[in-house]
Amino acid sequence: MALDEQVPLNATDQLQLVHLYLAIGHWPHARDSLQALLANHDDRIADLAFGVSSMLAHGEDSGMVVQWLDRLAELGADSRLVAELRARMQVSRGEFETALELLSTAVQTATDAADVHQLALAADDIAGKLDLSGRTSLARPFAALAETLYRRLAEERPADVLLLARPLGSHWRPGEASGLRAQAWRVGAPDQAALTCVDLLRSGRASQDDFARVRERVESSVADNPESAELVFQLANIRHLQGDYAAAEELYRRTIELAPASVLACNELAMLLVLLDKNQVEAPELIDRPIE
Numbered sequence: 015m016a017l018d019e020q021v022p023l024n025a026t027d028q029l030q031l032v033h034l035y036l037a038i039g040h041w042p043h044a045r046d047s048l049q050a051l052l053a054n055h056d057d058r059i060a061d062l063a064f065g066v067s068s069m070l071a072h073g074e075d076s077g078m079v080v081q082w083l084d085r086l087a088e089l090g091a092d093s094r095l096v097a098e099l100r101a102r103m104q105v106s107r108g109e110f111e112t113a114l115e116l117l118s119t120a121v122q123t124a125t126d127a128a129d130v131h132q133l134a135l136a137a138d139d140i141a142g143k144l145d146l147s148g149r150t151s152l153a154r155p156f157a158a159l160a161e162t163l164y165r166r167l168a169e170e171r172p173a174d175v176l177l178l179a180r181p182l183g184s185h186w187r188p189g190e191a192s193g194l195r196a197q198a199w200r201v202g203a204p205d206q207a208a209l210t211c212v213d214l215l216r217s218g219r220a221s222q223d224d225f226a227r228v229r230e231r232v233e234s235s236v237a238d239n240p241e242s243a244e245l246v247f248q249l250a251n252i253r254h255l256q257g258d259y260a261a262a263e264e265l266y267r268r269t270i271e272l273a274p275a276s277v278l279a280c281n282e283l284a285m286l287l288v289l290l291d292k293n294q295v296e297a298p299e300l301i302d303r304p305i306e
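For reference, each letter of the sequence shown is one residue, going 15 to 306 in this note's numbering.
Treat the hints as calculated values from the structure; they're not laboratory data. Just so you know, even glycine gets a beta-carbon here, dropped at the ideal spot from N, CA and C. Keep in mind that the hints are not guaranteed to be accurate.
[To be verified] Ranges of calculated distance between the beta carbons of each label pair, as one might list FRET restraints:
1. Thr162 / Gly77: 32 to 40 angstroms
2. His33 / Pro240: 38 to 46 angstroms
3. Glu115 / Ser76: 21 to 29 angstroms
4. Ser67 / Ala158: 48 to 56 angstroms
5. Arg165 / Asn54: 29 to 37 angstroms
6. Gly77 / Glu115: 29 to 37 angstroms
7. Gly257 / Ser76: 28 to 36 angstroms
8. Asn54 / Pro240: 25 to 33 angstroms
9. Leu289 / Ser67: 44 to 52 angstroms
10. Gln256 / Ala158: 28 to 36 angstroms
11. Ala25 / Glu111: 32 to 40 angstroms
I would like the entire structure built from these sequences, with the hints used as guidance.
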């Protein structure tokens with residue numbers, strides 16, 4: 015093959031090119047490469063779904079997206095997936111009632127818990143993004159749908175109460191979420207319960223009493239499971255959020271002792287050291303450590 019001979023890229027190469035452009039933040043080139051890929055290879059469900067999701071994530075809901083969605087349906091893609099993507103497209107176009115109806119209809123035809131879970135996550139994600147953009151009134155119906163679905167899942171599997179606690183706390187009803195947190199500690203794994211509770215503390219709606227209760231719970235769990243890197247890490251996060259930086263630093267260091275490859279713990283400790291203008295040499299070393 016001559017060096018100057020041009021060989022068309024196959025589907026795999028084209029997809030890698032799309033991911034490369036996305037990784038460097040060059041959406042126009044990624045979009046063009048994506049359109050070229052799907053113009054020649056529109057028979058792969060995963061690529062079509064990726065294409066629709068990527069376009070919508072970048073605020074593009076043109077006729078091309080509709081064409082890809084129709085093609086997904088023609089290929090027999092999972093009906094839940096198609097409904098979710100169509101709903102997200104309608105949200106992008108400002109057709110919120112239509113989007114909610116699409117999700118609600120998909121729920122009625124969902125045949126297993128996994129589909130219900132994915133639809134709940136979609137509704138919750140849409141609600142969260144609308145809320146963050148200041149459109150709280152538009153977010154509420156989606157949050158209500160997510161709550162209904164999470165409750166349904168929690169009834170079938172009590173440990174899934176963690177799913178319900180998160181949206182209640184992060185949106186508008188942290189009081190009820192507090193009660194669910196207590197239930198989560200009884201029925202769920204301690205590390206997952208701790209993760210959910212700390213996420214709620216980050217929501218900006220938690221009271222000092224909430225902080226105190228969660229901290230007490232996590233400290234008790236750490237005492238029972240001193241070798242759990244996840245529990246120690248979440249206790250470090252609580253101390254960090256409370257402004258107890260000395261304790262947070264000590265706990266982050268303990269987490270790294272238990273899990274040396276923990277990217278999150280190394281990054282959190284590095285940022286804390288920079289915040290405190292302390293040990294500037296160690297901070298970049300911490301960031302590089304998990305890579306080595």
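Hints and how they fare:
With their beta carbons about 33 angstroms apart, Thr162 and Gly77 fall inside the hinted range of 32 to 40 angstroms. For His33 and Pro240, the Cβ-Cβ distance of about 41 angstroms falls inside the hinted range of 38 to 46 angstroms, so the restraint holds. Roughly 22 angstroms separates the CB atoms of Glu115 and Ser76, a value that falls within the hinted 21 to 29 angstroms. A hinted range of 48 to 56 angstroms for the beta carbons of Ser67 and Ala158 is inconsistent with their spacing of about 24 angstroms.
Under the hint 29 to 37 angstroms, the C-beta atoms of Arg165 and Asn54, about 45 angstroms apart, miss the expected range. In this structure, Gly77 and Glu115 break the distance hint of 29 to 37 angstroms, their C-beta atoms being roughly 22 angstroms apart. The beta-carbon spacing between Gly257 and Ser76, approximately 48 angstroms, falls outside the hinted interval of 28 to 36 angstroms. Between Asn54 and Pro240 the beta carbon distance is about 57 angstroms. The supplied range of 25 to 33 angstroms is therefore violated.
Evaluation of the 44 to 52 angstroms hint for Leu289 and Ser67 yields a failure: the beta carbon distance comes to about 35 angstroms. At about 32 angstroms, the CB distance of Gln256 to Ala158 agrees with the hint of 28 to 36 angstroms. For Ala25 and Glu111, the hinted distance range of 32 to 40 angstroms is satisfied, since their beta carbons lie about 38 angstroms from each other.
The earlier numbered hints that this structure contradicts are 4, 5, 6, 7, 8, 9.
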